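Working from the sequences, and respecting the hints, build out all of it.
There are 2 protein chains.
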Amino acid sequence: MTLTPWERLKTTLRDIHHLKDAAAVLSWDQETYMPPGASHARAEHLATLQTVAHRQFVSPEMEELLATWLDPETGQLSREAAHTLDAPAQALLRETWRDFHRAKKLPSSFVTRLEREVSLAQHVWAEAKRTNDFPLFLPHLRTLIALKLEEAAYLGYRDSPYDALLDTYEPGMTEAEVSRLFAALRPPLMTLLEQVLASPVRPDPSIIVGPFEASKQLAFGRMVLECMGYDFRCGRLDLSAHPFTTSFHPTDVRVTTRVDEHDLFSCLFGCIHEGGHALYDQGLPVEHYGTPLAEPISLGIHESQSRLWENCVGRSRPFWRHFYPRLQTYFPDQLKAVSLDEFYAVMNRVCPSLIRVEADELTYNLHIMLRFELERDLLKGEIPVEELPAVWNQKMDDYLGIRPQKDSEGVLQDVHWSMGAFGYFPTYTLGNLYAAMLYEQACREIPDWNEHVVHGDLLPLKAWLNRHVHRWGRQYPAHDLIQRITGQSPTPGPFLRYLTKKFGDLYGIPIPSEFSQESSIPA
Amino acid sequence: MTLTPWERLKTTLRDIHHLKDAAAVLSWDQETYMPPGASHARAEHLATLQTVAHRQFVSPEMEELLATWLDPETGQLSREAAHTLDAPAQALLRETWRDFHRAKKLPSSFVTRLEREVSLAQHVWAEAKRTNDFPLFLPHLRTLIALKLEEAAYLGYRDSPYDALLDTYEPGMTEAEVSRLFAALRPPLMTLLEQVLASPVRPDPSIIVGPFEASKQLAFGRMVLECMGYDFRCGRLDLSAHPFTTSFHPTDVRVTTRVDEHDLFSCLFGCIHEGGHALYDQGLPVEHYGTPLAEPISLGIHESQSRLWENCVGRSRPFWRHFYPRLQTYFPDQLKAVSLDEFYAVMNRVCPSLIRVEADELTYNLHIMLRFELERDLLKGEIPVEELPAVWNQKMDDYLGIRPQKDSEGVLQDVHWSMGAFGYFPTYTLGNLYAAMLYEQACREIPDWNEHVVHGDLLPLKAWLNRHVHRWGRQYPAHDLIQRITGQSPTPGPFLRYLTKKFGDLYGIPIPSEFSQESSIPA
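Line by line, the protein sequences are chains Z and P. Numbered per this note's numbering, the first sequence spans residues 1 to 523. Numbered per this note's numbering, the second sequence spans residues 1001 to 1523.
Derived from the structure by calculation, the hints contain no laboratory data. It should be emphasised that the depicted structure is a prediction, and the values quoted were computed from it without experimental measurement. Please note that the accuracy of each hint is not assured.
Below are the EDC-like pairs computed for lysine to aspartate or glutamate, each with C-alpha atoms no more than 20 Å apart in a straight line [said to hold, decoys possible]:
1. P:K1020 <-> Z:E44
2. Z:K20 <-> P:D1029
3. Z:K20 <-> P:E1044
4. P:K1020 <-> Z:D15
5. P:K1216 <-> P:D1204
6. Z:K20 <-> P:D1015
7. Z:K10 <-> P:E1226
Only part of the chain Z face toward chain P is listed, based on derived beta-carbon distances under 7 Å [unchecked claim]:
8. A41
9. A43
10. P188
11. H249
We put the CB at the ideal spot given by N, CA and C, even for glycine.
This is the structure we're talking about:
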C-alpha cells in the first residue's frame, strides 16, 4: 500500500511525536515516581529519545517531503499548493516548516555545546542560590549569554537578537512589541499599586490558620478540577516538587500540584492553574494528533489559559460564593469563623514581595517587567553581567519599593536564565493580558455566565475556550487568534480594567472614569 | 572525535536499549498509573518505539559493524577477533549476533501479520474466557499455530519447530531436553503427590481469617523486600492487576504486587517473587548497560531467581521463624491464635486445583507439563485443535485427578497461547529445577546460612546470587551457568530432593533412602 505524500508527511510527523511524547512520559515519571538512584540513567534515556526525534525531523527525507508543497529555504508555498490546499493544511505546512527551519538552523555541535553548558550552569546556579553566591554563577551566566547570542545569530532576526529568542516561546512576538505593551501597562499598574498600599484596607492573612490536612486539600482540588471539566478519564493528579502539566496525547494530559499543610492556597491554586493548562491540552483536536494543528500555539496563550482559570475565575468572588461553603465543610474548624469576604480579601491581598512565584496578581507583572528589561539589556550588552545584582536590586526598589538583602532572594531566585531560557519571562505577563482579553470576551458571549459561576457550573467557560481557543491548535498565530476572538490586537486595556475594578473594589479605591465603563465580568 | 568500531558498537547498542527501556517505562505506566482513556494512544506510542528500535538494530550499519569481528551469516568470529578479544567481549558479540540474526530472519511483513493476529486473538480470548466459549477462540488459535510454525521456519531449527520457539525464551534449550527432564520429574512427583493426598495430615486454611488491611500488607511486603536486599533507592513497589517486575536500567528496577484483603499470601508472595526477579535485574553489571552482558540470560534463569526466593526461602520454616512473629505484630487479632507450625502448614498446603497460578509448589509442575505436552503436540499436528479441550481435561484427570467443568477453568485459563507465546510454559518448571540446584549449592557455600535466615538476615544469599548468577548477564548460556555454579547439567534431582524432604516432613511421609542423604538446605 503506497501512501500519498500528504499521508507520508502526517505519518512521519506522528511517529516523531510519539518519540517526543514518550520522552514526556519519562519526564513526568522523573518528577513524580522515579526512584532517586535512576536520575543519571534517565537523563541518558531522555537524551537518546530527543536525539532520535530530532534526527528524524531534520532528515533529508523530511526536506524532500516538504518540498512537495513548499520551498524548503523560504517556506513559500508552491503556487499549486497555495491554490489547492485548505486553510488547515496550509497552516500545518506553515508551522511544520517553521519548526523544521528552526531545527535545521542550529548546528548539532552548537546544540551539544549549549546543552552541556546548560546542564553545568543549572548545577552551579542551584549551588549559588543555596549559598547566596552570585560570583559563583557569574562566569556561567556570561557564557550562556554569549551562547544565546550565537543561537540568535543562527536563528536570524530582523531587529534584535532578543527577537529570535522570544520567538522560540511566543512565535511572532518581538522585543519592540513587548516593550510597547509593557510601557503602556507599567504606569497605571504602579499607580494602582500606590493606591492599594495607601488604602486603609489591610486584609489579615493570620485569620486563616491550619493545619489543613493534605488528603482533604487534594480532595478539594480534585473536586474543583472536575467542576472545571478536566477529564480524569484522560488525566491524573499527582504530587511533585513544582506543579506542572504534561501531555502525551489529548487523551493523556496530567497535572501535578504540591501540598503545604500550613498553606491552604498552594495546593488549590496549583490545581486550578495547571487545570487551565490541562484543559487546553485536552481540548486540542485529537484528529490532528502528531501535527502542529494539535499543538498549543504559544507559551503566552498557554499561560493565558492557566491564568484565566486561576485568577479571573479562581480568585473571583462569584466562584467562591459557590465554593467557599464547600471548602468550609472540608475544614470546618479552621474556617468556621472566617467569612467569605474575609477569605476573599486574604486570597487577593496585595503585598510587594521579593519572590516572583509568591507575588499577588498586581505586583506579579512588575517582577516580569524587571526581568524582561534586564535580559533584554544583558543581551544588548547594556548591563555588564557583573553589575546585574545591583541593577536588579535597584529596579526592585523602583518598581516595588523593596530591596533584596541577598541575591538568593534577588537575581538568583529563578531557574530560567540558568537554563538558557532568555525571552521566556514576558510570556507570563502576555498570558495575563491575553487572559483578561479572552475572559472579557467570554463574559460577553456566555449567556448568564455570572449565574453559572455562582452555582459552580464552570463548564460553559470550558466549552467557550474549547471552541474559541483550544480546538485551533497552531492554526492561527497567537496575535491572530486573539484578534479573531476579541476583535483587537493584544492590548493591556482589558487587563488594566480587570485589575482596577477588582482591586478598586477590594481596597476601596475610586475607579477612574476610563475604567468605570460597564464590564460584564462577574464581580 | 572518532569512535573505534568497538565504541560505536557499544554506543549503538546502548541507544537502541534506551528506546526499549523507554518503551518499558511506558508499559509500566500503562499497568500502574495511566488513565484509562489513554490506552489507544499508548499502544501507538509503544509500537513506534519498538519499530524505531527494531529498525536501528537490523540496519545495514549494524551488519557492517558486526562484520568487523564476525561473519554476519554464521556468527563465526574472525580468526583475529577470536585471538584478540577477551571472553566478555566474545560473549557480547555472540549474543548480539544471536539477537541480530533472529531479528533479521523475521520479515517485517510477517511480524506485522503476527502482531495483528495476536492483538485480535488476545481480545477474542478474553471474551471467550469470560463467556466460557472455546469455539469462539478456536479459529484464532488455529491461525496462531500456523503463524508460529511459519515463525519457526523463518528462525530455523534442527529437530523440531518447537525448538525454535522455545529458544526464544530459553536459548539453547530443546524440546528433546525438556521432554527428558520432565520425564524424569513426573513419576516421582506423582508418587509424592499420591503420598501427600493419602496422608492423614490436613492443614486447615480456614484458621487464617482476614480481613488483612491493605496498607499493612503492603508495609510488611515492603519490609521483606528490604530484608532481601531489594534497593528502594533504585526501585519502587506499586500495585497492578497482575504482579510484575520491570527494569529500565540496573538503577531503576520496579516491582508491583496486588492486595486482597481476604488473602494474606497474595500480596506477600507477589512481593517476594517479584523481588527475586528484581534482585537479578538490579544485580546486572551496570558498566555493561546496553549490551547483552547486562541482560538476563533466559526466562528459566530469571524464573529461578523469583522461585528460589518465593519458594525455597519465602515458604521455608527458618524464614518464618524470624518473620512470623513480626507478621503477628502487623495482624495481632487475626494471627494470635495461629501457631507458626499451623501457619507454615497452611502456606504449604498441597491441593490439586484447576488453576495454574493458584497451584501449590508440588502440583504446579504438573500444570506445566500438561501445557508443554499439549503445545508440543499441537505444533506437531498430533492433536487436532478442536479436540484440545477434551485432551486438556483428560490430562488434568490423569495428572491431578480433577477435571474442569468449564473451559474457562481449563484450556482458556492462561493468556500465553493467545499471545502466541508457545514454548514459554516450560521455563516456569525449568526455573524450579534451576532454583533448587542453585539453592542447594548456596546452602553448601554460605557459612551458617541457616543461622542467617532464622535471624532474618537474607543478604548473604543476595550476595551469593549477585556473585554467581546476576553479574554474568548473558556471558554464560543458562546450561553453562548452571554447570559452572553447581558442577552439574540441569537435572531434576535437587528439586525432587527439596520437594520430597519438605513435603515429607510436612505430611509425615517416610523419605525414600535416595533422598535421605544429608542436605544442607535449612529446614
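Fill in: Contradicted hints - numbers only
Hint check: 5, 7, 9 and 10 fail, others pass.
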